[in-house]
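Start from chain A and add chain B according to the hints.
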Amino acid sequence: MGRLFAVVLAVITIVSAAIFIARIWWLPPDISVLGVGIDHQMTETMIASGVLFVVCQLVLAMFVWQYGDAGDARPIKTFPGGATPMVVIATILVSAEILVLTLVGTKVWGGIFLSPPDPSALHIDVQAEQFAYYFRYPGPDGKFGAIHPELIDDGNGNFFGLDPANDTAARDDIVSASLVIPVNKPILLTLHSKDVGHAFYVPELRIQQDFVPGLVIPLHFTATRLAKEEIVCTQLCGLGHYNMRAYLEVESLGQFQQWLKDHAP
Amino acid sequence: METTATSHHAPPQGFLRKYVFSLDHKVIGKQYLDLALVAVVIGMVLSWLMRFHLGFPTTAVPGLGKLAPTAAAGGVITPELYLALMTMHGTIMVFFVLTTAPFAGFGNFVLPIQVGAEDMAFPRFNMMSFWVTFVAFLVLVAAFFVPEGPPISGWTAYAPLSAIGKDAGPGLGTGQTLWAVSIALFCVGQLLGALNFIATTLDLRTKGMTLMRMPLSTWAWFITSVIGLIAFSVLLPACILLILDRVAGTSFFIPGGLVVSDRLQPHSGGSPLLWQHLFWFFGHPEVYIAILPGFGIVSHILPVFARKPLLGPKVVLICLIAIAFLSYTVWGHHMFLSGMNPLSATLFSVPTLVITIPATIVVLLWIGTVYGARMRFTTPALFCLGFISVFVSGGISGFFLAQPSIDTYLHGTYFVVGHFHFVMGVAAMFGIFAGVYFWFPKMYGRMMNDKLGKLHFTLTLIGVYCVFMPMHYLGLAGNVRRYSTFTDDYMKGSLPLHRFITIAALFTGAVQLIFFYNLIHSRLRGAKAPDNPWQATSLEWSTSSPPPFDNFGGHHPVVTHGPNEYGVKGPTGDYIMQASSDQPVTS
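Chains as they are written, first to last, in my numbering: chain A, 1 to 265; chain B, 1 to 587.
Source of the hints: derived by calculation from the structure; they are not laboratory data.
Certain hints may be false.
Partial list, computed: chain A residues near chain B (C-beta under 7 Å) [unchecked claim]:
1) F53
2) I92
3) V94
4) K261
Okay, the calculated bits of chain A under chain B, using three or more residues with CB under 8 Å as the criterion [as the list claims (entries may be wrong)]:
5) 15-28
6) 75-83
7) 131-141
8) 148-155
9) 208-221
10) 228-234
11) 239-253
Note that the Cβ used here is the ideal one computed from N, Cα and C, for glycine as well.
For reference, chain B alone in the conformation it holds in the complex:
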């Protein structure tokens, strides 16, 4: 590896600077991932409670009666507690897991190293980004402990239910205000992060790291940052307006003449649809904020374990950019039945369907990469293959929902729940798992247990299909979502299937204990990791595991190759490192 220039980056001193208020992108990346880990445990426990209630609506949850004596008297979940669990599950998962882990977590740790930088462009903003996000999380969790309980208006917080205040019902008082404050803070944190990612990618690339030599993972984080910069800068003012409606008596989202809890509301002139437009203008790109890093991770990792170049890397890049662009033209498909002009439904439907073209192409290129490969079925490789499968399953159900004429039947049913859990929940989680198993050796200098990883993967794959595929069947049968019980005439036939899903969800959740054990055990006692355990090409594998505080030990690597040099004769095997000065040998 050729190196030039010396580092100007001083090593951090003291515990607080090293591990708490660190400016080091690697520590901040790990902090984001640890935050996501805490959030995902809370989000998953909430979903278990919901699923338990849906499957066994009259059975008490052991211990819950003591934890929530009013909302779950005797341990049986009440309808308002169910809605609170649902709202908090959705909010925690979408914002604090699916955004923080794949984007802020891995992006922070890996992106600067992959472009050959010492750190992010603005380390102080970076630290601020994490701590503002952390405070946002605390504010959200605080909603569990306010007297009226957590909010019950769903993660989309549709106005005027979310805007009116406590007249609209329990949980819509202080809990809902905390929700809006939390999300506003979260937006600030992510805007700081997005700015940093963009500046770092554009300005801090090392010598020889041209844009076309950047790994697709870095490209994906860069594109996601651009999406995030626009999306969060719309959600932030929307949340501020919502807070003003709630506490300052404004009427941005509340029209006149509403009578709630027998009280004529003192508002006039607002538009509930304005909230929906602002929310979904953020909300749909948010789907891509969650999933595009997964696209990048799979495009980056798959060739490592296929031991051959990714098929059509430039096409993949063009598709990622096309998806990012189109993601801003489709938000209205969440609102086909919202009462907006029905003509616009047709206009929003077309780009929604068109976005499947680049997504399909990327999937086919991944599958084409597996053709003729010498696949090494390590745990990260398996999670990449699983990602492809679940993304296909979730993406295809999008074909139905993108059409207004079918959405008029399926909207508001479990079909939608199955769709988005596959496409942005499970697929993004598989991307996260692939990333964890892949970069763990670089992060902690230790290997994760591959056998436990494979067991975790296989059981999780079976589990998620048992949970989310049946939701499509429920949706076809007209089973509506956001209901806490299905015990009366109309939907009681769905109870056996709900029970099956519940058992599968509890099983899949229990399987994650294997992952947590592997994660903690490997962090403490895993086998020592070599610098490049996977024989990969990108720059993070050119430095030690874990990397020094300035990433490359006082030097800047010089990049001479693209990231896709697999299946060639290199100096140490069938690959050539990006920072290698060796030329490929032609046979």
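Only chain A is shown next, with the shape it has when bound in the complex:
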């Protein structure tokens, strides 16, 4: 029975690892500046963890194969050197791995979440609600109109609760259900929620960020390729959660400027 277990375990290990190595299911192509660092970190971690996974499972399978009780009163053997060398080596190896992953990973994380956005970044205000995203561009004046929750009315299209009658900054705000951005231009999003928690996730941009009611959370990135990808909500937000999507459309600068003109109020 031990040998059957050893074989089953070895087969499981090899098949599981082979599918990872063959990249049958893998990350979609990266379309952002910071995605390169994330992909690199992912690959490093995959190699380190993959080696640990395969070695642990196969050594376990090997020992199980070899050290079954055959009823021959064979004397038991202690692991060479006992526990101490194993503990010391494991501690050093895992610590070193942790140190490297942390040092490199912190730099990648910092590039996304700890560094300020480029001063020339295009600022887009994003509001999430059950079960849609709305994106707001400041218009020619470069200023966003103030949000008045009591004026929010999805029925008449006032998703942000703007008051253009009394607020000049609100009059030229452009509101869209899609996130349209120019390629190679730094983008700054400010994320806020109208009702409950939501999230912004674009696998191709390699970023994800929650919307937290009561907070305005900045997120910045630069898209490097023309693309049309889906934005999905990954924070459970109610019965229509599965349907909370929007499109990210990365266009050339010319196309983007034309889009802004076409959508001006």
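Only chain B this time, still in chain A's reference frame:
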């Protein structure tokens, strides 16, 4: 076996006192395990329904249309029913299976016997602990039957979705309130249990049972109790605050200016992140409440069947304590992307990675124990080996998620689902299975069928890998979790893999029928168990199977040896019982 002192424990009288409102830790342990058994059946059926829908989203589930005419009209599961199934599956499994069985169930039955006590320190609290937990379970299950349906905010019940009330959607009215009341009651039950475990371990050890002679299983339950005492005493007030937000108009977790269902909510000043901090301050240690008893069970059982001492038992103990300590420093890794200060993500990442050091050491010591062993591949031994394998698989994927820079991609995807199901779901279940097959003879005085056990183990091992390993592939491909269907543009490519997982899940679920048959059949007709069928050393094997009401027949055993005396020349074989007065013979 030397014995001293006589018992002051009176045998229970009458059916109610013996089997229902029993003060006997053994009966309470079995009650907890039976509750977990009922809960796991419900939780598993819910997961089958979810998996069926994910694999075959437009196919009707036979009979479901009649059971839930609105939520599953024509038998096809609606998105809100899917979320309800998910919420109830997670809550039932985490609280009423993974906490009750390995900790409260086995801990109750085995811990007092392993330390040589007649019963728990506070038998009435112990009884209360179970019955409060039982009521908590009934309250949760009642959520299935309220008009708006069960809650849909997940087992983590993130505010403000869980706090606002029915404006936030169906299931977020009475169902969500019942959820919060149930979990609050559950916390009370587990706090009573944890106090009892701690007092019993510290105060009721028999003569000679020094702390260092305690089996690692008892150590693990003791450490888990300390974790539970802190964790549940944070979740309890959090649930009370949530209930107040829902029914009393307070705003602990709800900020101002929210417009839900076109209605400006009458709240202000609360913080959704406060709920997340309180929840995860409980939630991450909860992972260890589920898995540390498994660590103890494997560390205890593996040497029995390896017929050699556990490698580095003191190191294992230090690692268990280190894991328990570190478990309170890592909760923020659930919140890397929550909007908390991104600098704190780095701070939470480091202890999360560091906790892998003691976990890795324990795993290596288990594997090192198998080296040079004379392994007896009984069913409990196989489940221990399976535990090591699935814990390695689940633990390693933690390396990815512990890093904020990678979590920014994998958070909210099936990678996380695969990770935590392996590491705290399947691993803990394998620990439970190992415990059931190992202690069943002591509990019921009958042996379980070993051939059926091995068949159950082999098919389950293959099944769980087919279910949970592909979830890592889905996560890498960016397939998000908590979605009821993947039939449109973005994720429809994942449907074949989801279908494979569904078939594997239904297969693995069906395999559990072998276990249930074995359990019930052996309880009634299994071969009579000897007192020490496994030739093990700890005190539960020094008494009869099943033990008398006071565990040692009116006497207290005197402990003269540690629990790890295997591979030595003893009076009856290659082991020396803890309560044996014989000294090891040196050759």
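The hints, checked one at a time:
no., hint, verdict
1, F53, "holds, 5 Å"
2, I92, "violated, 10 Å"
3, V94, "holds, 5 Å"
4, K261, "violated, 29 Å"
5, 15-28, "holds (count 8)"
6, 75-83, "holds (count 6)"
7, 131-141, "violated (count 0)"
8, 148-155, "holds (count 6)"
9, 208-221, "holds (count 9)"
10, 228-234, "holds (count 3)"
11, 239-253, "holds (count 6)"
Comparing the model with each numbered hint stated earlier shows that hints 2, 4, 7 do not hold.
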